[in-house]
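With the hints as your guide, set chain B onto chain A.
Heads up: the protein sequence lines correspond to chains A and B, in order.
When we follow the working numbering, the leftmost residue of the first sequence carries the number 11, and every step to the right adds one.
When we follow the working numbering, the leftmost residue of the second sequence carries the number 8, and every step to the right adds one.
Hints are computed from structural coordinates only; laboratory data are not their basis.
Being a predicted model, the structure only gives us computed values, none of them experimental.
Here a beta-carbon is modelled for each residue, glycine too, at the ideal position from N, C-alpha and C.
Watch out, some of these pointers could steer you wrong.
[Unchecked claim] Partial list, computed: chain B residues near chain A (C-beta under 10 Å): (1) 202; (2) 253; (3) 301.
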Amino acid sequence: MSDTTVAAAAPKLTRKDFVSDQDVRWCPGCGDYSILAQVQKVMPELGLPREKFVFISGIGCSSRFPYYMNTYGFHSIHGRAAALATGLKISRPDLSVWVVTGDGDGLSIGGNHLIHTLRRNVGIKILLFNNRIYGLTKGQYSPTSEVGKVTKSTPLGSVDYPFNPIAVAMGVDATFVARTVDVEAKHLQDILRRVYEHPGGAFIEILQNCNIFNDGAWEPLTDKGTKADTVLLLEHGKPLIFGKNRDKGVRLGSDGRLQVVSLGNGTQEKDLLVHDETHRPLAYMLAHLENPTPIGVFHTSTRPTYEDAVGRQLEAARKRSGVGDVNTLFNRGETWVVQ
Amino acid sequence: MTVPAETAVAAAAKRREQRESVVIRFAGDSGDGMQLTGMQFTTESALAGNDIGTLPDFPAEIRAPAGTLAGVSGFQLNFSSLEVYTPGDNPDVLVAMNPAALRVNIGDLKPGGILLADQDGFDAGNLKKAGYAANPLEDGSLSKYQVIVVDMTGMTLKVLEDLKLSNKVASRCKNFFALGLCSWLYSRPIEPTLKWIEDKFKKTPELVEANARVLKAGYHYGETTELFAIQYEVKPARIAPGTYRNVTGNSALALGLLAAAEKAGLPLFLGSYPITPASDILHELSLYKNFGVYTFQAEDEIAGVCSALGAAFGGAIGVTTSSGPGIALKQEAINLAVMVELPLVICNIQRGGPSTGLPTKTEQADLYQAIFGRNSDSPLPVLAAATPSDCFPAAYDAVRIAIKYMTPVILLSDGYLANGAEPWRIPRFEELSPIPVQFRTETEGFFPYLRDPETLARPWVRPGTPGLEHRIGGIEKEDVTGHISYSPANHELMTRARARKVEAVAQDIPPTAIRGDQAGDLLVVGWGSTYGAIAAAVDDARARGKKVSQVHLRYLNPLPPDLGGILRRFKTILVPEMNMGQLLTILRATYLVDAVGLNKIQGQPFKVSEIAGKILRLLEG
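Just chain A, with the same shape it has in the complex (with noise of 0.2 Å):
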């Protein structure tokens, strides 16, 4: 049986054993190829033994993670990675668990496991890729595409309205909600790093590029040339501030609303929002804002993570009635003998 104590001891991981002898075959200039080198940077540090990390995902290009992770991993069933997640974190909460999963996965197919693993708390580190297309089909419009979408499953544009999924996060009262993007290799390790010292469930948005079927759905937040303008950085304590010249925020309007404003002519960078990563109201608002699109966290609280709760109940049982013994509890009730 494994030993933590022991293989915590072993050599100093690197990012090599993290990388498994499969070939990678996202295509070419596929977002997911930098998503995938920040988190094999990432889980050589966490000082977590190899063999305590398990991936588990759904279908779609996203889903093909786990075997490029040389760790545990489990290529499921479309949209259910988060349901086979949980039974495995209730029942081996010793280990790490992240869901690997997409805008269609997570969203279309799988959305209803992805609200109640995050509304249970359940500590498993959900990483949604959101490419805002079906890639793996072959560019049929999503969940997060923005109405009018032409695909091919939608030649006269989608009538859908999309999802928020730091909405959708937030409205279940995820305990750690974030967005980031595949190609801020900083900033995602950051998050991955931060996610993974979150003791309960997280939900991570990336935005990811799928450069086949949807190229560029993200470039204004990734261009060097414009996300300055376009990009707000959520860092807790800080005022929000963004720009260029990091001449612009966002305040409280007197009517209770966010306000974008330059600062100048009377604004000052003390009339901005700080940040406040534990303020649910506050992430709920930026949840909606577009103009620019928050990157970062917008949320995190600590309560009591489901896997612990239920090991709780365990525990407190057999205090109560001692650990079970079958033969009494075949036993238990009316019973008579028959000579």
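Frame of chain A, contents of chain B only:
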């Protein structure tokens, strides 16, 4: 036999007659407590040493409008000094608490049988709701029965007069009057029920007092009233020595799963979603937290099975429980379990279908679904329980096979077994067969799909084991290495390997037991809850000198290796099923035998007479 001492003299004044077997049915409004009355009468009868079989029959609606036909709830009990196979075809006694209960059930009462009716329940309003223009208790229409009308409600209220209970609360005790009266009529001891009342209502002492009083009042009423000239007695049955308790199928199934997990030394993880008639397994296992049992009420059926599979990946005994509609939702995940070759037990407590169908009624029409109901070639072992107590060994064996062969296993039960009860000879945990578990920890020579030569099982590795990190999934795997493979030859090899592995389970199937002669004119082949009715019908035919035998199948996939030879030793094969002929088709296809079916799709179990009649017609034909 226990009779309160102070009444023994009065009782002696009545005539007492012996009966071999009695079938009694309690029927009333779903709020009248008929299930509870039936179950208590069952306990009393079991403690009196009788063999028993029960059949609860209740409406799907939680509270259908009071007094209506839709709201009638019934509980039938067969208690006997002989071996009991079924809850009985037609009752000798019908207790009807209102006109609707009478209307729904009177057609089943044996001619000359006792009808015990609550006078108060037959008021104008209730008569109208049941569609009676005149009171059938008074218009002579029931003359072929012994009609005994007792003002149960009135006497219940009377005996509780000084307790200051509301009329509503007091009148709800009337089922205990009926129970007390029937207990006297059949010389049942009421002490177990008095004890039960004390325990059940311990938080409300006034209800302990009220129900106990009413129970005794019903008992004493039987003794003193001149309505009853005869008291009946059913002697204890000859039953194999041992310690017994009553058990329902769902309870036995839950205990079987738990016992298997304990024997294997692994935690039991149940992922489930509430559905009739399977929910009681979830309820029961959720009580066993001190055994380390995890019960997870999932957000839907799919999450139920997926969470169980996730737990199995982690090294637990993964189980999911449901009924047909829920199993339909789970099939994709069951297929994943076939592909990743992890142990998983799927319990289908079948009910009438298709779709929502008849949620509270029984059927055995999910055999095709179990064996064939997934995409592609997707074999897995399928087992079925035959009686309520048989759910225990069936569940135990399902777990054992799942682990030994690293495969999902479907266990079939049904609503009739789930809610029916019978005495269960309690086993000693130490006597149960071992369930060895070998988690792979050796890194040298490890491959995720390297098979055991005997069982063809792949190794089970718990995540957290150093050096054995590997990936599994639903995409076709390369033989031995488990890498993704789209190779044509490999796909055929793996498809055949999965099939051979399930076929290998046949090596664990004991020789098929034949009730009756080893060869003859007619063999009745059944599976699942039809066991009792078939056994009684076969015994009946044999008593008439017919060369009829019975085979009842526990293993439906793979089938027992000796079954083909057995079938060929009989001139005619009869397959009674509560479906349109599913096992029949499988037997015909597998063995090329010209078997015939007897099919009943009414949400009700077979009556012995229906099968016995078919046997005789076939032999005469």
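These are the hints, each one checked on the structure:
no. : hint : in the structure
1   : 202  : holds, 9 Å
2   : 253  : holds, 7 Å
3   : 301  : holds, 6 Å
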